[in-house]
Amino acid sequence: MFSYGVLRLLGLSLTLFAASIVVFVVLEVLPGDPAQVMLGISAQEDTLAALREQLGLNAPVLTRYVDWVLGMLQGDFGISYTYNVPVSELIAERAAVSLPLAAIALILSTAIAFPIGIMAARFRGKALDTGIMGLTQVGIALPNFWFAILLVYVFAITLRLLPSGGFPGWDQGVLNGLEALILPAIALALPQAAILARVMRSALIDVMSEDYIRTARAKGLSARVTLWRHGVRNALIPVLTILGLQFSFLVAGTVIIENVFYLPGLGRLIFQAITQRDLITVKSGVMVLVALVVLITFIVDLAYAAVDPRLRRGR
Amino acid sequence: MKVQGTLKALRSLAVGVALVVSASPLALSVAHAKSALSLGIVLEPPHLDPTAGAAAAIDEVTYANVFEGLTRIGPNGEVLPALAKSWEISEDGLTYTFELQDGVTFHDGTPFSAEDVKFSLDRARAEDSTNAQKPLFAAISAVNVADEDTVQVTLSEPVGSFLFNLGWGDAVIVSKESAAGNKTNPIGTGPFKFDRWIKGQEISLDRYEGYWGTPVALEEASFKVIADPNAAFAAMMSGDVDAFPNFPAPETLIQFEADPRFKVAVGSTEGETILAMNNESGPLSNKLVRQAISHAVNKQALIDGAMFGRGTPIGSHFAPHHPAYEDLTGTYTFDPEKAKELLKEAGYAEGFTATLKLPPPQYARRGGELIRSDLQKVGINLEIVPLEWAQWLSEVFREKNYDFTIVSHTEPMDIGIYARDDYYFNYKNPAFDDIITQLNRETDEEKRYALMKQAQEMIAADAVNVFLFQLGKAGVWDANLQGLWVNSPIQANDITGVSWKN
Amino acid sequence: MDTFEAPIHPFRRAWKSRSFLIGLCLASLILIAGFISLFWTPHAIDSLNVANRLQASSSQHWLGTDQYGRDILSMLMIGARTSIIVALIAVGIGLLFGVPLGLLAATKRGLVEEAVMRTNDLIFAFPAILSAILITALLGPGAVNAVIAIGIFNIPVFARVARGGALSLSGRDFLLAARLSGKSGLRITLEHVLPNIANLLIVQATIQLSLGILAEAGLSYLGLGPQPPLASWGRMLNEAQTMMAFAPQLALYPGLAIVVSVLGFNLLGDGLRDLLDPRLRRRIR
Chain A
1 MFSYGVLRLL GLSLTLFAAS IVVFVVLEVL PGDPAQVMLG ISAQEDTLAA LREQLGLNAP
61 VLTRYVDWVL GMLQGDFGIS YTYNVPVSEL IAERAAVSLP LAAIALILST AIAFPIGIMA
121 ARFRGKALDT GIMGLTQVGI ALPNFWFAIL LVYVFAITLR LLPSGGFPGW DQGVLNGLEA
181 LILPAIALAL PQAAILARVM RSALIDVMSE DYIRTARAKG LSARVTLWRH GVRNALIPVL
241 TILGLQFSFL VAGTVIIENV FYLPGLGRLI FQAITQRDLI TVKSGVMVLV ALVVLITFIV
301 DLAYAAVDPR LRRGR
Chain B
1 MKVQGTLKAL RSLAVGVALV VSASPLALSV AHAKSALSLG IVLEPPHLDP TAGAAAAIDE
61 VTYANVFEGL TRIGPNGEVL PALAKSWEIS EDGLTYTFEL QDGVTFHDGT PFSAEDVKFS
121 LDRARAEDST NAQKPLFAAI SAVNVADEDT VQVTLSEPVG SFLFNLGWGD AVIVSKESAA
181 GNKTNPIGTG PFKFDRWIKG QEISLDRYEG YWGTPVALEE ASFKVIADPN AAFAAMMSGD
241 VDAFPNFPAP ETLIQFEADP RFKVAVGSTE GETILAMNNE SGPLSNKLVR QAISHAVNKQ
301 ALIDGAMFGR GTPIGSHFAP HHPAYEDLTG TYTFDPEKAK ELLKEAGYAE GFTATLKLPP
361 PQYARRGGEL IRSDLQKVGI NLEIVPLEWA QWLSEVFREK NYDFTIVSHT EPMDIGIYAR
421 DDYYFNYKNP AFDDIITQLN RETDEEKRYA LMKQAQEMIA ADAVNVFLFQ LGKAGVWDAN
481 LQGLWVNSPI QANDITGVSW KN
Chain C
1 MDTFEAPIHP FRRAWKSRSF LIGLCLASLI LIAGFISLFW TPHAIDSLNV ANRLQASSSQ
61 HWLGTDQYGR DILSMLMIGA RTSIIVALIA VGIGLLFGVP LGLLAATKRG LVEEAVMRTN
121 DLIFAFPAIL SAILITALLG PGAVNAVIAI GIFNIPVFAR VARGGALSLS GRDFLLAARL
181 SGKSGLRITL EHVLPNIANL LIVQATIQLS LGILAEAGLS YLGLGPQPPL ASWGRMLNEA
241 QTMMAFAPQL ALYPGLAIVV SVLGFNLLGD GLRDLLDPRL RRRIR
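Residue numbers (the working numbering), protein chains in the order written: chain A, 1 to 315; chain B, 1 to 502; chain C, 1 to 285.
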């Protein structure tokens, strides 16, 4: 188990290293001059040159790459061109929105998916199952940004129950913060819940056909007790894998939803940085997200290996 | 001098306005009214130092609120005194002597003096300056401190608009001690001081109690960044923001107009929106072709379709609310048949194919679709290429690698750009350059206006660009708010006169 | 083929599979609409007429007109075509590059496999939407670049499915027999492995197709997809948003179109899985 972990850790660092090269190279060739974007259309050539020098854009490519990577290893993510503050500060500020949002969405999605999935498995083949499965299909097909727009119109504009968007900041009270995250979390959670419910159902059906479940039933345990005591617990393993994947999706993949609700999250930070040619923020931001995804995958893999010894020998 | 007279009149007007403003807080305190304002802006400023960036969003937060210059631009585009309480101009128009206000302090407590003026102007025109409007200061040859409250600025040549130029956000006065940190912690002399900035979300200001001038009614103000038109609509409707001075979704204004909770103020801007043409690119180098295109574009349909009626047709590169404006909208009427004839005459009876590169704003993206359809009807096929600002700046603006683009030129009084060498229109007309040179030297108002009219006529006749419309400004705010600017003579949200009424 | 276990009445099974039938109907609806739009739409959409804008449904315009006076039904039909072509080519890219890579990894094992799978991990590590935004920022928005941005993320998916499928076949009698008869590795892969994993690939392709439609909608919602005069559902939605209060149909129709097509292809994929390989029936997406 330990050597497997070390091996995977090595692979993880290699992936991150490769990713840093990809990110750096892509941003090297991105058209558009950050200095021009900052100074606008009436800037003079000498002003631009002065700013480029100030931003360190004139150093050789290799130097800049090495500086960037070494800096990140020491926790220095560079200074944002546009905001003029350390990128690490920006990322921390945004993560304080993105991570709770992802967490709430995940909790919501689990809270919806588990009962539904279990119910469907329990009544497998019955009308209830068919109905639930049909609904989950629709849920998966629902574009979350469209759903989000519908939510805003119903709950924010028509009923005026919840804010239409924006984020007051956690220092304005946890409740106010949470209130701002409810609609985005629902918009994100529903399609995820649909997927999760399907995974739950099929995992449960898989488990319930295993021998030990039959044994349990033969011992005289009721169907309900068997389901809860043995079924659900064992079905959780594949479900947790999906949860891991969904969490990394929710942290990194919510740009569109953040745009609809104008939430200052990580995705929007990078999206805006791309359009403003705040290259250092894009570089470091993308790397942080990649590291996060890789890390979550690693943890999921480890958890899997801990459960299933066969995997330790290789993938 | 004549200019002096007008300025004096304006000054007394400003005093009057100040009296009205100062009277209102008394009334408000009785009614125990709101004293906070939440105001929506479309673009987030990259930083908050107006002397080191061109982004209009910087001025939209800081202008007049946080930072002040020697002069300032008023709600209708007039030049008003600010940190300079008065000035004198020498007969030859080369020396300006400014008398400064007393008792001014920066937000960090440091007193303001003539030294700060010298520091700021010298910094802006220095060799290594990163001021985005460096040309504004190009004519300054020396800045001298006469005494603590008097500054003398010497020019190398007369600049007719010098006092106006000093009113730009790029010319605000900063303190030597805090100038370096202004990007993240702006310290000015204005009635509001910077409080905090949640990146990507909002910037808040607090009332500065040590302000030298008339105290403002608002105790705090937050500028909320809302780029998405839909989110802007939702935020306004749900009361998340009290005012949106430059509302990004003109199609929704009908609903605000119908709702008594809101006031919709339609004003003018300095944004001449044009279909810019590369005057050196293939068929477009032919004046007849450019004239044909000017006839082929249905401007009214454009205003209706892209702006939902919010825009004023223009016939040249000049703001309709300016006294020197000349109505040239009849130069090229919408006439596809005429356009076809002109194209035939120019030798392009079969039409041609070209690219239309569009920056992100909605007027451009929407207008682009309509113009594409218009030009298709006369045989010109446009390929639409959407660009981000960064790409637009490098591809279109710098490299001039484009045929057509749509953009709004929001700088005030910027007809001079047509005389610039190597500007992205690639328009070259020595006669026009002469007019602008004369205009820059001329200080007599009447003569200046005559020259401006000549300039307008010339670029219209040459059909340099298709002059589409003056960008309308539609502000939406809570019906209980008063004192917001209706027009946008400069891109700013001056909230110094804003208060809640009850 | 020698691996099919019980090829009894595949069509009867198809008729009995509800999801297959519903999926087939919905997907066909979108496919046919898109196909017809190649030759004919009720109205032309590249000639705008502002005077005609925002009309309600009528016999002239079944679903009304948009803010530029274009016929919405025509826009939806062309939008269907755009979505499907983008998603289809993106799937093609995935198949073209992913399958050979996956098969290579499965047959060569060792270092090659390690390299392919690590590259896979690398692509998976990038947040898909953000990367697609980066790619379009790099190459410029438009249909072709949207295809590339979506296609790249299909490659590792197909590589993984192909490798997994191929590995599950290893040690099967017919492969051993082929090897003993002296066939080359490439021939065995092409003649025996590929046909046997075709089912897996078809099912995955259907699913990726629906994901591709969703991705295209997302990209064009952000303004990074196909550009005008081409219609696209995502952009229609984006443009309709601010007009929702007085013209909700503008936001409703494209949203429904996306749901219908994604639902259609998902159900079709599920149905095909049941149909083509009963052993896979219990697996999920």
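Derived by calculation from the structure, the hints in this document are not laboratory data. Cβ atoms here follow ideal geometry from the backbone N, Cα and C, with glycine treated the same way. One should not assume that every hint holds.
[Stated by the list, open to error] Footprint (simulated), chain B over chain C, 3 or more residues, beta carbon under 8 Å:
#	segment
1	42 to 52
2	111 to 125
3	239 to 251
Status of the hints after comparison with the structure:
1. 42 to 52: Three-residue rule met by the segment 42 to 52 of chain C, so holds; n is 5.
2. 111 to 125: Since 0 is below three, the answer is violated.
3. 239 to 251: It holds: at least three residues are needed, and the segment 239 to 251 of chain C offers 6 whose Cβ sits within less than 8 Å of chain B.
In summary, the structure is inconsistent with hint 2 from the numbered list given earlier, while agreeing with all the others.
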